[in-house]
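Q: Single-letter residue listing:
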Amino acid sequence: MLQPDLVRLLTEGHVLVKSCDEDCLTGNTQEPRQSEEEEGEEGNPFNFTPQLIHLNKDHQLFEDGDIHRHMYLQDLYISEAEDKPTLSVSEFACHISGCSAIFSTLEEYEHHYNSLHRHVCCSCRRSLPSARLLDIHIQEWHDSLFTILSQRQDMYQCLVEGCGQKFSTSKHRKDHLIKIHKYPPDFRFDKTKKDKGNRQTKKQPQKDTTMDVEESMETHGSEEEAARMAKSASTEEHADLNAAAPSTESSSSDPLEPRYSYRVPTNVCFGRGSVRGFRGRRGRRK
Amino acid sequence: MWRLNKVRHKAGRPGDSVEELKLKRREHEKALRQARRDRQLVSKRLLLNDDEDQSEVTMDTNSGEQDVVAVLQKLHHSGPERDTHLKALSKALRDPSAQLTFIKQENSMHLLVGLLTGSDATCRLQAVRCLHELSHSPHTSVASACLPASPYLLTYLSGQSTKFTELCLYTLGNLCPDSVVKEKLLAQGIVPALASCLENQRHNLAVVEAVGFTLSQLLQANDAAEKIIPMVLASSLPSHLLSVLTPDPKFGLGPAIECAWCIHYLTCSMKDHRVLLAQGALLQCSSLLVSLGGAVAEGNKEEGMELLICPLLRCVGNLLSSCPLTDLSAQMGDVRIVVALCALLQAFLHTQPALARESAWVLNNLTAHSRALCSALLTLNLVPGLIQLLPFSQGINTMILRVLANIAHNKKDFCVQLAHRGLLSALCATLKMADQEMVTLSMDVLFMLVVSSPQVAEEFVKQGGLSLLEATQYNSEGEIRQRATHLLEHHLLS
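Heads up: the protein sequence lines correspond to chains Y and R, in order. Per the UniProt record's numbering, residue 1 is the first one in the first sequence, and the count goes up by one each step. Per the UniProt record's numbering, residue 1 is the first one in the second sequence, and the count goes up by one each step.
It is possible that some hints are incorrect.
Beta-carbon label-pair distances, calculated as ranges [unchecked claim]:
#, chain 1, residue 1, chain 2, residue 2, range
1, R, Gly299, Y, Gln60, 27 to 33 Å
2, R, Glu183, Y, Gly43, 56 to 62 Å
3, Y, Gly43, R, Lys271, 33 to 39 Å
4, R, Gln463, Y, Arg152, 43 to 49 Å
Here's a subset of chain R near chain Y, in silico, CB distances under 8 Å, partners left out [stated by the list, open to error]:
#, residue
5, Glu29
6, Arg33
7, Cys268
8, Ser269
9, Lys271
10, Val290
11, Ala297
12, Glu303
13, Leu307
14, Asn318
15, Arg336
16, Leu355
17, Trp361
18, Tyr474
19, Glu479
Rather than coming from a laboratory, the hints here were simulated on the basis of the structure. Where is the CB? At the ideal position from N, CA and C, for every residue including glycine.
Modelling step: build the complete structure from the supplied sequences, incorporating the hints.
A: Next up, the structure:
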């Protein structure tokens, strides 16, 4: 509710605009923020300017008020006590390209995002439930160094945090998980590489790489745009992604590459559950 | 006078349950919405006799048709009981089918007009009553059948009998929307007649209300901008309308409501408001909003207040859109208008969301070019209240975000103040909304905040802004992706 002193301000005498020092009119005299500060910048996409909005009598914004007025004219006036219109609250939507999930609360959105879009392997697009499991996955599946080292030493970590034990093969680890930690034998996040079948051999045809979030795409050899995720969720195709940063402008030439490793940044989305069965060129164009 | 304290159930019959009434009302509302979409939203008013109640209106009038014929027969014979017959006729004419029957009878209108203009004052009153009932007919044939009476109705506007003048006015008002009738009325000088009536009778609030209604019917026409509005602006009507805007506490809101709607139709139909601005329309409407806002903030919500607040908001909103910047402080004068608007926003948010939306729109127009008012919103600590409105959709949050963007657009210091009042964390939520307009606006505001000072940029990063923006780089809309990348590359990571 309005603060009491403001209520008093409204109901008591006239208060003149204390604007002698402030320039009332900001039209042309305001600080030319954009042009001054960012003259050196090219392609500043931000273009907000304050707008004076004039509405004519048939405008949509006026509909409810007009109806109320005419109900009154026709002796159908409804007092506040009787009529309770519903005030609606904005929904949230996952805007990640390819995902069209909608949520009524922010919490639901965050849960969705954290579950499906956060810890996703950029190589094989699998979604893991935590950063740790993602790290382990990448290490074991996509790191050739790991493969070499694991032949000589115990490299397969126990998946349970805090356990710390390591094993020479994934089978040993699995046995340990089942025996000691009572895990189910078909734990989803402990599939061996062999289980994934022919994934490795399948390769997405180059053409499909252009279907994607942006108009122009960089293709470095067999590299696929990291942002492309409009593939069917059910087919876990091996994508030949390179480790480059997800660049979204054709003009940029991987300025952020050094920051990234095989692992996709924690908050980039892809992978199962987040894709809605798109195949091929997306019809949507900006 | 329209008695708001009695909720009238025109659609229902006595004995209807509450649920049935609600249903009928909803149906009616649906019909009105469709009519508005077709740009055919027209209403007529029925002035009841002082001695009757609304419940009498819905009584069975099946026998109306026969009554009409019978009474007409009696009327054709002159006699001392004519006024009684006329009274019976007016009752019979409540029934729409009886109305049709009446006009089909030979010489019926001629007879009625004769009685309207005759020497018997009581008969005149009853005759105009009959015409009033006829004017309420939904059939266009009835409206055009009433045309012979129109020059007399106009002439009588300069009379002194309140009840009679009222009936003439409401009858004319009901007939106006018919295009054939409207053309004739305009030619017969309805605008000057209304102007002089209002001028002479402006202390007679019942008549003022009636004039307001009739004028609003004229001004609502879809083609009003071509002829009617220039005529009205050239007359003395605008200044008189403005002078009766302040409601009389004893009489009630009725007259002010009608006049406010007239001014609204005047302001929304054209872009050039010099005449109205010169007469102080903006000043008048905005100071009235301030006092109404104060009443609402104190908890004195008079019933029907929103019927007056709504057109006033629209007048201010549209007048602002054409008010020269140099005149703004002279025309507005009072920084309390932003306080009033915030009070209205909060008070009506749950009960009349449309009113909240319109208040937000006016706030946008106020803040679009006035640094002083933007500053006032900050110094009077109204910003947190605005931020709390950002979850609400249907046009409310987009407009509020525009207001906040207007504030930010002024100077960097304002951006810093906005950030301190919680706008950054609010934006982290609005960026995730389904409404694309909200997302785009949020990006724009975020940009202004982040570039305003390194501290704000730091604070944003602390709140997890980087990962939010990185995720936004994968937004399905190219424009959004562009903005996210630009912000990251040029302002947050470099």
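Q: Each hint: holds or not?
A: Each hint, compared with the structure:
no.	hint	result
1	R:Gly299 to Y:Gln60: 27 to 33 Å	holds (32 Å)
2	R:Glu183 to Y:Gly43: 56 to 62 Å	holds (57 Å)
3	Y:Gly43 to R:Lys271: 33 to 39 Å	holds (34 Å)
4	R:Gln463 to Y:Arg152: 43 to 49 Å	holds (45 Å)
5	Glu29	holds (6 Å)
6	Arg33	holds (6 Å)
7	Cys268	holds (5 Å)
8	Ser269	holds (7 Å)
9	Lys271	holds (7 Å)
10	Val290	holds (6 Å)
11	Ala297	holds (4 Å)
12	Glu303	holds (6 Å)
13	Leu307	holds (6 Å)
14	Asn318	holds (6 Å)
15	Arg336	holds (6 Å)
16	Leu355	holds (7 Å)
17	Trp361	holds (6 Å)
18	Tyr474	holds (5 Å)
19	Glu479	holds (7 Å)
Checked against the numbered hints given earlier, this structure breaks none of them.
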